[in-house]
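Engineer: Please model the entire structure based on the sequences and the hints provided.
These protein sequence lines are chains E and A, in that order. For reference, each letter of the first sequence is one residue, going 160 to 273 in the numbering used here. For reference, each letter of the second sequence is one residue, going 134 to 247 in the numbering used here.
Calculated directly from the structure, the hints in this document are not laboratory data. Just so you know, even glycine gets a beta-carbon here, dropped at the ideal spot from N, CA and C.
Simulated crosslink set (SDA-like; lysine to any residue; CA at most 25 Å straight-line):
1) E:Lys208 to A:Thr177
2) E:Lys268 to A:Leu244
3) E:Lys260 to A:Val195
4) E:Lys260 to A:Gly193
5) E:Lys260 to A:Met164
6) E:Lys260 to A:Ser202
7) E:Lys268 to E:Ser243
8) E:Lys260 to A:Gln171
9) A:Lys140 to E:Arg201
10) E:Lys268 to A:Ser221
11) A:Lys140 to E:Leu247
12) E:Lys260 to A:Arg203
13) E:Lys208 to A:Val136
14) E:Lys217 to A:Arg229
15) E:Lys228 to E:Ala160
16) A:Lys140 to E:Phe205
17) E:Lys268 to A:Gly173
18) E:Lys181 to A:Gly234
19) E:Lys181 to A:Phe237
20) E:Lys260 to A:Ser134
21) E:Lys260 to A:Pro172
Label pairs and their in silico Cβ distance ranges:
22) E:Asn227 to A:Asn215: 42 to 52 Å
23) E:Lys217 to A:Ser186: 36 to 46 Å
24) E:Pro199 to A:Gln157: 16 to 26 Å
25) A:Ile196 to E:Asn189: 25 to 35 Å
26) A:Gln171 to E:Ser243: 19 to 29 Å
27) E:Arg201 to A:Glu219: 18 to 28 Å
28) E:Glu174 to A:Ser142: 28 to 38 Å
29) A:Ile196 to E:Ser229: 39 to 49 Å
30) A:Gly149 to E:Pro177: 44 to 54 Å
31) A:Gln155 to E:Gly175: 40 to 50 Å
32) A:Lys140 to E:Asp168: 25 to 35 Å
33) E:Tyr220 to A:Pro172: 18 to 28 Å
34) E:Ser219 to A:Pro172: 23 to 33 Å
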Amino acid sequence: AQSVAQPEDQVNVAEGNPLTVKCTYSVSGNPYLFWYVQYPNRGLQFLLKYITGDNLVKGSYGFEAEFNKSQTSFHLKKPSALVSDSALYFCAVSLGGNFNKFYFGSGTKLNVKP
Amino acid sequence: SAVISQKPSRDICQRGTSLTIQCQVDSQVTMMFWYRQQPGQSLTLIATANQGSEATYESGFVIDKFPISRPNLTFSTLTVSNMSPEDSSIYLCSVRTRDTGELFFGEGSRLTVL
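Structural biologist: Shown next as structure tokens:
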């Protein structure tokens, strides 16, 4: 079965410090990986994706993520956190060319304190 | 990208009633989906809305409870029928455009059933 795990329900970081939000996946086939952010009372916004090519992908708002095939991970990172980054972050995976089926992680709440 | 408008944005409903959520996209899209996000939880795919034919439902979701229409490539509706408090959730419309892999989401419709 396909699945996505976000092992941390919540991540706390001080403003200006680097942040990491973890994601691991389990799929049969080539994974396409995505990160989304959800602000309170809003829908999900796309941050970045890995389809193929360079393992380090850069996305919106200074976020980046690294695809690690051996560790089946796709951790979200940012060198310097902002208070405005506080939100709920979802990792998602879809299989190969079948973009119709997305599997979402349970979400990680990021708290950035001033 | 695609701009997705959902309405209502929120509603409070009585047990036993039904509510229809509308989703309008600003461009013709290949795939439209309906997701549910229960309080504090991740996203669960309800169904794929197929243009001109019956929706494709995921395990655990049935047409009698969640009838879906998609009369054209830019519009879909989801009805939550005979509501109970367990149906209190955010319902999200999502689309995938022809040339990208990521999903785009509407702002969501937050339903509270009393």
